[in-house]
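Input sequences plus hints: build the corresponding full structure.
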Amino acid sequence: MLKPFENMTAGDYAELGLKAGLEIHQQLKTKKKLFCRCPAGRYSEKYDAEILRHMRPTLSELGEYDGTALMEFKTKKEIIYQLNKETVCTYEMDDAPPFELNDEALEIALEIALLLKLNLVSELHIARKQYLDGSIPTGFQRTTILGVDGEIPFGNRKIGIVQLGLEEDACREVSDQGHIRVYRTDRLGMPLIEVVTYPDMRTPQEVAEVAQLIRQLTRATGKVRRGIGATRQDVNVSIEGGTRIEIKGVPRIPIIPRLVHNEAGRQKALLEIRQKLRFRGLKPDNFKPQSFDVTEILRQTSYLPIKNVINSEMRIKCVRLPFFQGILSHPTQPGTSFAKEFSDRVRVIACIDTIPNLIHSDSVDETIGSAAWEKIKRVTDFKESDSLIITWGNETDVETAVREIEIRAREAIEGIPSETRQALSDGTTGFERILPGPDRMYPDTDLPPIALDEERIRRIQGQLPILPWVRREKYHQMGLPEKMTDELILSDKGDWLDSILENIKIEPIFPARLLTEKLKHWRRKGLPVDKLDRDILLAVFNAFAKKKIVREAVAIILEKFMENLTASIDELIDEFKPLPATEVEKIAQERAKSIKVVADFDEDKKFEIVMGEVMEKIRGKAVGKEVAEIVRKYI
Amino acid sequence: MSSEDYKGYRGAALSTLKNFHVRVWSDVEVETSRGKFTGIILPRSETADDRHVVLKLRNGYNIGLAADTIHAMKETGYKKANYKIPEKEFPYDPRKPRVKLFGTGGTIASRLDYRTGAVIPAFSPGELYGSVPELADICNLETEKLYGVFSENMGPEQWIGTAEAIGREIEKGVAGIVIGHGTDTMHHTAAILSFMVQNSPVPIVMVGSQRSSDRPSSDAAINLINATKTAAESDIAEVVVCMFGPTSDRYDLLHRGTRVRKMHSSYRSTFRTIGDIPIAKVSTEGFVYFRDDYKHRRDDKNVTINTAFEEKVSIVYYYPNMKPDIIEALIDNDYKGIVIAGTGLGHVNKPLYPALKKARDKGIAIYMTVQTLWGYVQMYVYDTGRDIMELGVIPAANMLPEVAYGKLGWALGQTSDLKEVKKIMLTPIAGEITEREPHNGYLIYQGGIPEVEEFISRNWK
Chain C
1 MLKPFENMTA GDYAELGLKA GLEIHQQLKT KKKLFCRCPA GRYSEKYDAE
51 ILRHMRPTLS ELGEYDGTAL MEFKTKKEII YQLNKETVCT YEMDDAPPFE
101 LNDEALEIAL EIALLLKLNL VSELHIARKQ YLDGSIPTGF QRTTILGVDG
151 EIPFGNRKIG IVQLGLEEDA CREVSDQGHI RVYRTDRLGM PLIEVVTYPD
201 MRTPQEVAEV AQLIRQLTRA TGKVRRGIGA TRQDVNVSIE GGTRIEIKGV
251 PRIPIIPRLV HNEAGRQKAL LEIRQKLRFR GLKPDNFKPQ SFDVTEILRQ
301 TSYLPIKNVI NSEMRIKCVR LPFFQGILSH PTQPGTSFAK EFSDRVRVIA
351 CIDTIPNLIH SDSVDETIGS AAWEKIKRVT DFKESDSLII TWGNETDVET
401 AVREIEIRAR EAIEGIPSET RQALSDGTTG FERILPGPDR MYPDTDLPPI
451 ALDEERIRRI QGQLPILPWV RREKYHQMGL PEKMTDELIL SDKGDWLDSI
501 LENIKIEPIF PARLLTEKLK HWRRKGLPVD KLDRDILLAV FNAFAKKKIV
551 REAVAIILEK FMENLTASID ELIDEFKPLP ATEVEKIAQE RAKSIKVVAD
601 FDEDKKFEIV MGEVMEKIRG KAVGKEVAEI VRKYI
Chain G
636 MSSEDYKGYR GAALSTLKNF HVRVWSDVEV ETSRGKFTGI ILPRSETADD
686 RHVVLKLRNG YNIGLAADTI HAMKETGYKK ANYKIPEKEF PYDPRKPRVK
736 LFGTGGTIAS RLDYRTGAVI PAFSPGELYG SVPELADICN LETEKLYGVF
786 SENMGPEQWI GTAEAIGREI EKGVAGIVIG HGTDTMHHTA AILSFMVQNS
836 PVPIVMVGSQ RSSDRPSSDA AINLINATKT AAESDIAEVV VCMFGPTSDR
886 YDLLHRGTRV RKMHSSYRST FRTIGDIPIA KVSTEGFVYF RDDYKHRRDD
936 KNVTINTAFE EKVSIVYYYP NMKPDIIEAL IDNDYKGIVI AGTGLGHVNK
986 PLYPALKKAR DKGIAIYMTV QTLWGYVQMY VYDTGRDIME LGVIPAANML
1036 PEVAYGKLGW ALGQTSDLKE VKKIMLTPIA GEITEREPHN GYLIYQGGIP
1086 EVEEFISRNW K
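From first to last, the protein sequence lines are chains C and G. For the first sequence, position 544 matches number 544 in this note's numbering, and the numbering has no gaps at all. For the second sequence, position 87 matches number 722 in this note's numbering, and the numbering has no gaps at all.
Don't take each hint at face value.
BS3-like mimics (lysine-lysine), calculated; alpha carbons at most 27 angstroms apart, straight line [said to hold, decoys possible]:
1. C:LYS617 x C:LYS606
2. C:LYS77 x G:LYS930
3. G:LYS780 x G:LYS936
4. C:LYS307 x C:LYS19
5. G:LYS671 x C:LYS117
6. G:LYS671 x C:LYS158
7. C:LYS525 x C:LYS505
8. C:LYS76 x G:LYS936
9. C:LYS77 x C:LYS117
10. G:LYS947 x C:LYS32
11. G:LYS992 x G:LYS947
12. G:LYS723 x C:LYS76
13. C:LYS74 x C:LYS46
14. C:LYS85 x G:LYS1096
15. G:LYS930 x G:LYS807
16. C:LYS46 x G:LYS992
17. C:LYS19 x G:LYS653
18. G:LYS780 x C:LYS117
19. G:LYS723 x C:LYS77
20. C:LYS74 x G:LYS723
21. G:LYS709 x C:LYS77
22. G:LYS1096 x C:LYS76
Residues from chain C shown here face chain G by an in silico Cβ test under 8 angstroms; the list is partial [as the list claims (entries may be wrong)]:
23. ALA96
24. LEU120
25. PRO137
26. ILE255
Since the hints were derived computationally from the structure, they do not count as laboratory data. Keep in mind that this is a model prediction, so the values were computed, not measured. All residues carry an ideal CB built from backbone N, CA and C; glycine is no exception.
This is the structure:
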């Protein structure tokens, strides 16, 4: 096992040979979906109809079957799609061919491809990337590569970008129990980019930092979606002697470091296991697991997980793994042992998904009792150097489970199986599927190639937004606090700030604070901040710079503008014309007089009261400091 | 170098490949004005432009590089794709019925055709067993490729050849016949075979797919399994079309060959029985027969094959403002028969009358069908209809226009005596004309209506 996460240093990871890369999926902010004209970004739990489909593996263009595809086929899932008539048409149902690729999405994707300094292709070819889990009704995702081999600066080095793809988003899973998986189709077909980095990151923290950097970069365009599920990360992890493992669909960047750390630890553990097995003389070709039907022995068991489900159609099988003694309890992740790898496979591929779905002889937990174990050991010809795994379910599923257990055991002798793993909330991962390879790609015969001409590239090149790291440096020079800079880079408000500063002579912190803290405050209060735009802010700050209004009036006017549906921004600016000093004096004098009757107040208290009353009357129409001076004269 | 080395390349792209001494399937490094790219050169689709070279990147994606951006190309290897559907010997089981599968085209199992960028079918029993192993649980399958054409290219030559092939197999004693066919004109072929193959003792099942079999979501495997099961086990000794009932993977419907029509350009559940109900449904769970008035399976080997066909027959789809020159053109070109798809109960406009009269006088057989598809021709209701009948146009009851076309070609192939033709045309032989239209023979539910929406929400679509 590795040292705990908190104690690991960059040197420790270097010793492990940790390499990590990212695949970032980012939804684009388009009105419509990528290959049909359904609205994008409209989510609903409601559905009007359902369809049922199955998936079969097909051959790749080069004549191979993809490993993931075959695995998914073994699961024999019935896939159910929920259809909402507002968000889905016959295209998403796979009952109509695609329409032309959404040009709005292509423009945004090209913009990001240029920001990543990718080598752009001259002609887009739409490919079909197989997904047999059913998450896309066609069984494949339509996807296309815009460019390869780009880079982003990271500290004093560069992180390489493998490619940027433009693709359609998949369904949202509703449930997956036994042999039935249910999907909601509203998200299906929304435009998405996939940015793939080289495995250039060396510590778990770096992975999170690069993820953040790419997020900032895509957001610099102001044309990507935000919010839950709009950005999803896949993290690729390997260590020296290990293999590339893909951790799929990480929803939040802060959980990345722990996931990477735990995966590195898991790979180290699996290498240790292989070492042990090899010392025992096991090789993939001399490993001979055997399975036995032990249904009759355990029919009367009092062990609840079996007792609760046993009926006439159930079978209970025991797999004997020669020379595996102790291996199943070898720790692999925090709180988890190697046995979990078997349980995961049985759950995902054999669809036996009530946990526990297996028990094993290395475990010290009380399960079927020692008498039953003894009986089973006799019939399975058990030797002390062996391990036993018992699993249960209906006949077909148990057969699949036994085969998967044997496959996973053999893989342990070979090393680390290439897998896609699911990120769990505690920072560990679980098996999701076999890692797919290039064999799952197939050209889309429904759509012709699309040429990307020079003129178009030049036009987009001419309109690129400021890169986040350039903007960061600029804000740093201006003296803006780090936290504020982070916020501005991740929102589209950095652009507004730049416009304000370009056009108006004003100290940067004033608009910067309004565009971050104040805006957040307003949003929390429930004000319709969407009503504000760049021009409105320009108008108000401009009025301030030209001394048409006082500093205090800026926020007040904007608040009033959001609350009031009728007044124009110019009318509001006019309304908050500063009062002449004489007018302020008059009001201060009048207020001060009325307070004299209460004699026992001290000076400060009196000032506070008068000031409060005066400001109440003239708030936003005079500078507070100046008012205070006037008020003091009359106390 | 052979032309295979530059498959599909023309113009600038071809010159570029030749200049740099690289060919299709070369593993190359390419220097371009847009940067460096590495991958395998793929053949180019003939319908695509001549300015781009197609590269398969290491990650499996394809991209195009404009020839005029390429500075240099270097061959570092050569990797020719070996596309093969895994072929396994189809197991023989003496207890299972013998089924013959004829291929005419379509995509039961298929692979990519680089020349056109489309898919071409694979077909041998071994290939089929490799991709649809379930077939071996049903029958002993034999296959024979009759044609390899897209269904729009099926014509009299193929219809006649298929009918004759069916006859030969029945005489050899097969339990049933499956015909793989593109879906676009499947109903034309189904109708014509219903006339050309008379008195079959076994099922003749036409099948295809709406999603090609190179897609994981394809309906091809289910359709083929169900069609084979129908051929091997069902009691229906007729030409039927076996295609998806609902769009969900639930069951196939068995439609009578003369009453079926493709009704949607892309839906899986595109085939519908028109003006009647299907004969049965079939799934892995078995058959559910909806009616009993079909021709039942027999265990003899007697069949009548009559492949007569007159090719000079046309369908005229009437539209308002149609000019008589359309009909004149058919007369001038020596057409022997015309099927009109008329409006409503079977009408055309007055300006056509002289042309129709001229056609009749020239001895052309003219039959009226309805473009509404559902319902009968009834030319007595309006004067227009009576006038048109006066001109010699014969109402063809509720024969579908495409079916009437096939039958008229078949009838005129047998005789030029118009009285005899009329007798053949109006005597139903394979359900092409029915005596009555049941109330549930016409069901196009309208979306949006609350009770329809409720039905859809409760049942598989």
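How the hints compare with the structure:
no.	hint	verdict
1	C:LYS617 x C:LYS606	holds, 17 angstroms
2	C:LYS77 x G:LYS930	violated, 38 angstroms
3	G:LYS780 x G:LYS936	holds, 23 angstroms
4	C:LYS307 x C:LYS19	violated, 46 angstroms
5	G:LYS671 x C:LYS117	holds, 13 angstroms
6	G:LYS671 x C:LYS158	holds, 18 angstroms
7	C:LYS525 x C:LYS505	violated, 30 angstroms
8	C:LYS76 x G:LYS936	violated, 41 angstroms
9	C:LYS77 x C:LYS117	violated, 42 angstroms
10	G:LYS947 x C:LYS32	violated, 49 angstroms
11	G:LYS992 x G:LYS947	holds, 19 angstroms
12	G:LYS723 x C:LYS76	holds, 22 angstroms
13	C:LYS74 x C:LYS46	violated, 31 angstroms
14	C:LYS85 x G:LYS1096	holds, 13 angstroms
15	G:LYS930 x G:LYS807	holds, 20 angstroms
16	C:LYS46 x G:LYS992	violated, 60 angstroms
17	C:LYS19 x G:LYS653	violated, 41 angstroms
18	G:LYS780 x C:LYS117	violated, 52 angstroms
19	G:LYS723 x C:LYS77	holds, 25 angstroms
20	C:LYS74 x G:LYS723	holds, 19 angstroms
21	G:LYS709 x C:LYS77	violated, 46 angstroms
22	G:LYS1096 x C:LYS76	holds, 21 angstroms
23	ALA96	holds, 4 angstroms
24	LEU120	holds, 5 angstroms
25	PRO137	holds, 6 angstroms
26	ILE255	violated, 27 angstroms
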